[in-house]
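Make a model of the complete structure from these sequences and hints.
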Amino acid sequence: MATIVDFASQEVKQNTQSLPLALAAGTETLLTSIFLNVTSTSNKIVVQATVGWQPSIALLPLVPKLTFRIRRGGATPAFPEVYQTTDSEFFGTGSLTTNIITTTIDHVESPPQDTVGTFQQYFLTVQNNGSGNITVVGPVTLIGTTIGF
Amino acid sequence: MDQLIDFASQEVPLGQMSLPLNLASGTEILLTSIFLNIANANVKVELFAAVGWQAQLTELPVTPEVIFRIRRGGFTPASTLIFQTTDSIFLGAGNLVPDLTSEVTMSFHRAALPDTPAIAGTFQQYFLTAELAGTGGAAINGPVTLIGRVIG
Amino acid sequence: MTVTINDYQYQEVAVGTGSLPFTISPGTEVLLTSIFLQINSLNNRIELKATIGWEAVLNGNTVPKLLFRIRRGGTGAPAPVVFQTTDSVFLGTPQEAPWPALDFTTSFEHTETATQSLVGTFTQYALTVEHIGQNVATITGPVHLDGIVYL
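Residue numbers (the working numbering), protein chains in the order written: chain C, 17 to 165; chain V, 5 to 156; chain R, 65 to 215.
Just so you know, the hints here were simulated from the structure itself, not pulled from any lab data. Hints are not guaranteed to be accurate.
Quick look at which bits of chain V chain C covers, simulated, 3 or more residues with Cβ under 8 Å [to be verified]:
hint: 1; region: 15-23
hint: 2; region: 47-57
hint: 3; region: 108-116
hint: 4; region: 126-136
Examples of chain R residues lying across from chain C (beta carbon under 7 Å, computed) [said to hold, decoys possible]:
hint: 5; residue: V67
hint: 6; residue: F86
hint: 7; residue: S105
hint: 8; residue: V127
hint: 9; residue: T150
hint: 10; residue: D151
hint: 11; residue: T170
hint: 12; residue: S171
hint: 13; residue: F172
Quick reminder that beta carbons are idealized off the backbone N, C-alpha and C, glycines included.
Following this line, the structure appears as structure tokens:
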């Protein structure tokens, strides 16, 4: 039988706090973070997130791409990246309408020995890695669960 | 009040193990699998997955589609189908020749009672598969994450 | 330290069952499904997850956009919206049309904490969709909504 050792979440609704957030190309930007209690190396840490984002209107064909990362311990590249994925869209040829995309990710990991007995901070970051400008419009949801066995 | 009876997961990060994995049209390919304890016929079996995939650019306008399935007991079309959904991307007009790639992240959640009471009291293996449909090519880049929970 | 599951409910409509598929035109908020969750403590945390499969046809320069909402306490306005997000797709240029329908899968997660007025109630959470883009879209399914109440 498994138990839920810890559960934590953060949610930022559209148009609240720092949303909408325009992203500078190529810069990894922090969206939010949570703390999870790690009690054993046999734990499974589940981190799930949903982000609503919007490429800017352009006349030229573009492929806006947003790279999502989950880092443990800090939000900068100095800290270990535990998950990375990219979502994108072909966005082209003279469209003058806006386009909002919702991306959801699920990640699971086994914690390393040096995190056992601590509260670890998991950070959700995004980076504009394609062509064109991207704004994070929200919502931004980050959920973490520590499963014990 | 419910309890978390079982939890199982598999994750393959970007570029590891057999990733990236090219998809062939019409062939269902195994991505990963987990075992779950189906304690009784009234438990809720929750499955969620997130997969990063990439459409292959060509000069022709194409619309690759990937069909994601969860099967129980095997990963061939003869095995019990538990869940299916499709994701796709439109890839542009042919007169554009960008040397750009197009990565997409697809995720889904699903829950149901065990598909048959005959499996109550057993450990069952759930498989996540992908099949290329539509026009054009696609590859599974990863990450591939499959999470299962039995609640009851 | 343990977190317990106070309630877990879900609804799932497979492709081709219930009222699926159905076509949605711009301007109307349509109920997809709903669940009731038992809230029994101010310390409850509620997690809701949804997945929706949908389809749109490339037809000229169109951008189908679906606005998904979770309403609490009812299945339409004026029940308060506790979560909303949009998913959309750029569907091509005027000279390539018509194409076969393209399929998309949208999924999202929402969390909230209990408020005093909810404690001791079975609270309804409804998943709705409204087409706010151009042309038509079809909800093909699957449609999935699940909710967990943690203590």
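Okay, the hints, checked on the actual structure:
{"no.": "1", "hint": "15-23", "verdict": "holds (count 3)"}
{"no.": "2", "hint": "47-57", "verdict": "holds (count 4)"}
{"no.": "3", "hint": "108-116", "verdict": "holds (count 3)"}
{"no.": "4", "hint": "126-136", "verdict": "violated (count 0)"}
{"no.": "5", "hint": "V67", "verdict": "holds, 4 Å"}
{"no.": "6", "hint": "F86", "verdict": "violated, 21 Å"}
{"no.": "7", "hint": "S105", "verdict": "violated, 14 Å"}
{"no.": "8", "hint": "V127", "verdict": "holds, 5 Å"}
{"no.": "9", "hint": "T150", "verdict": "holds, 4 Å"}
{"no.": "10", "hint": "D151", "verdict": "holds, 4 Å"}
{"no.": "11", "hint": "T170", "verdict": "holds, 6 Å"}
{"no.": "12", "hint": "S171", "verdict": "holds, 5 Å"}
{"no.": "13", "hint": "F172", "verdict": "holds, 4 Å"}
Checked against the numbered hints listed earlier, the structure breaks hints 4, 6, 7; every other hint is satisfied.
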